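J.: Next come the chains, spelled out residue by residue.
2 protein chains.
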Amino acid sequence: MLPIAVDAMGGDLGPPEIVAGARQAASELGVPVLLVGDPDAIGDPGGLEILAASEVIAMGEDAATSVRRKKDASVVRAAETVREGRASAMVSAGNTGAAMGSALLRMGRLPGVSRPAIATPIPVPGSLPTVLLDAGANAECQAAWLVQFAQMGAAYFTGRYGVEAPRVGLLSIGEEPGKGSPLVKETHALLADGDSAGLGGRFIGNVEGNDLMSDRVDVVVTDGFTGNIALKALEGAAGVMRDAVFAVLMSTDEAIKASEVLLPLLAPLAAELDSDTYGGALLLGVDGVCIISHGSSSTSAVVNAVRVAHDMVANDLVDRVRQAVKG
Amino acid sequence: MLPIAVDAMGGDLGPPEIVAGARQAASELGVPVLLVGDPDAIGDPGGLEILAASEVIAMGEDAATSVRRKKDASVVRAAETVREGRASAMVSAGNTGAAMGSALLRMGRLPGVSRPAIATPIPVPGSLPTVLLDAGANAECQAAWLVQFAQMGAAYFTGRYGVEAPRVGLLSIGEEPGKGSPLVKETHALLADGDSAGLGGRFIGNVEGNDLMSDRVDVVVTDGFTGNIALKALEGAAGVMRDAVFAVLMSTDEAIKASEVLLPLLAPLAAELDSDTYGGALLLGVDGVCIISHGSSSTSAVVNAVRVAHDMVANDLVDRVRQAVKG
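Sequences listed follow chains A and B, in order. Take the first sequence: its position 148, counted from the start at 1, is 144 in the numbering used here, and no numbers get skipped. Take the second sequence: its position 232, counted from the start at 1, is 228 in the numbering used here, and no numbers get skipped.
The reader is advised that the hints may include incorrect statements.
Which copy is meant is left open, because identical chains are indistinguishable; a pair holds if it fits in one copy or across any two.
Below are the EDC-like pairs computed for lysine to aspartate or glutamate, each with C-alpha atoms no more than 16 Å apart in a straight line [said to hold, decoys possible]:
| id | residue 1 | residue 2 |
| --- | --- | --- |
| 1 | K175 | E57 |
| 2 | K67 | D34 |
| 3 | K66 | E51 |
| 4 | K175 | E136 |
| 5 | K175 | D58 |
| 6 | K67 | D283 |
| 7 | K322 | D270 |
| 8 | K67 | E57 |
| 9 | K181 | E171 |
These are computed hints drawn from the structure, not numbers from a lab. All values derive from a computational prediction rather than experimental measurement.
Okay, chain A solo, but in the shape it has when bound:
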């Protein structure tokens, strides 16, 4: 089994958090992990293999420039290991643009893919997540790209959750086909008129913002500008509400006592709503499995990212996407 390459230098919490996650993933999941980065920063790899990389692309750095200039950056090297067949997938919690750029440059696009897209699972309490794409790779999109996002998203949903012909919705501001931006109207026409067999999913028409966190749709397609704003709005709301509920539970002595019963019952819901649970976003459309985790990824987020990376390799994600786009 080829290892999963983990960019040890990425993430707001620093290499120790990432390395701890990688070590835990290797021991809990039995999945080999290759740590990519500065051996000094990595410290004790706990028996994991290290690929030394002398450079780091920081969170705020311009991705396009730095990916080209810093050829020995950990995230660039991680992508390289996949292309060279030394690793089966890459995971990075660093600069999103740099991870995307590294994957694009080193793994390359799959044949026929116009633009890779970031696919992010949105938690839905009591149900499978909704996969949203594009969650931020392409601020400006064309209708034909959105059709490919639908194909790639459906392939991913089937590969990850085992659901054949998932429901695909187009994010808009009204359910009627005539509602929305010119891009949405054009995409709607293409998806509605197209051979739905070629989609790999069932096109259910327009969906709205409140459908994202519902079980009414499986895959939601939109441009990267709208997708990123919707996703961050949801993540922000989940965090604010979790903190607000927790503050109430801790607000009085009586509440704290009552919470002794309720906190263990609320914990699974909190986990379900925590983006760390989902292992991060996938960059779909490149020739390799590339997982981009939150900058704030904790140890458990890294474990989940490695698990998803491993699952997606085992489930032939890249081949599924290749076939979906070929049509």
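Based on these hints, arrange chain B on the given structure of chain A.
T.: Below, chain B without anything else, positioned relative to chain A:
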């Protein structure tokens, strides 16, 4: 004191709910209310004045067409009462497009306003709401319109919350000025270079989706497509999480017992997060106060809408917006 005209026929819950809200508003707030609609459907007005209107524009109807054809529709008549000086403001929980169209046609735009925009308060636990605009009036926008949205939103925030020079942010997918869509980049340049005194608020640059439900910004400007999706995503998330937390509180006998302490403590948070609390959205840029409430508006939502309408009349909202746009 001129009455607030309430479209008695609008809303998913039907005239009885709206009429109950109007009656409660009149008695609790001491604000006169004029009910507009079919007297038979209205039933007992509880002493409130009725303006008979024989037609109704249903939720699903095409707004542009029906507003022109149904001259005796309740929502059209409600807007007319404001233009004619028979009411000081209108409130509708019906078809959003029809309320907007009626206000535009009957009240007209303020001089210099390119496009009216829907301004919606987003709850922020423990803080003043964030006002988002445009929340759906204009699916496609130009940069100059967004600059006007900033001016109108700042004027509204000051009028409603008494905060001088509120912080105005531009919704984007990265905080750097160069991040976002072409529309965002162009708008950013206009807002950053413009005379900030003319804005009526302080431009703090780009903000992201997770800033909407935070106290980092007061007024968030975006196009109506993005704004509507972000708003509905947040409303959906708030509803899903409220239901999920409530389900946990009711999940076992022990939890139910513990909830006896916690539910009363959670109630203020639930109210804070409930859009009904905020009285609905305002259509800014028309020559009159026009409040558009949720289709699902309850009695208490109608009471709050009448309260906000009354406050906005008392606080000279329309003059504030007029001055803000004139610059």
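J.: Indicate, hint by hint, whether the structure satisfies it.
T.: Taking the hints in turn, this is what the structure says about them:
1. K175 with E57: Cα proximity of K175 and E57: across copies only (13 Å, versus 38 Å in one copy).
2. K67 with D34: So K67 and D34 pass the 16 Å test inside one copy only (14 Å; across, 73 Å).
3. K66 with E51: Result: close within a single copy only, 7 Å intra versus 68 Å inter.
4. K175 with E136: between (19 Å within a copy, 11 Å between copies)
5. K175 with D58: between (36 Å within a copy, 11 Å between copies)
6. K67 with D283: Result: close neither inside a copy nor across copies, 19 Å intra and 60 Å inter.
7. K322 with D270: Close neither inside one copy (35 Å) nor across copies (46 Å); limit 16 Å.
8. K67 with E57: within (15 Å within a copy, 58 Å between copies)
9. K181 with E171: within (11 Å within a copy, 29 Å between copies)
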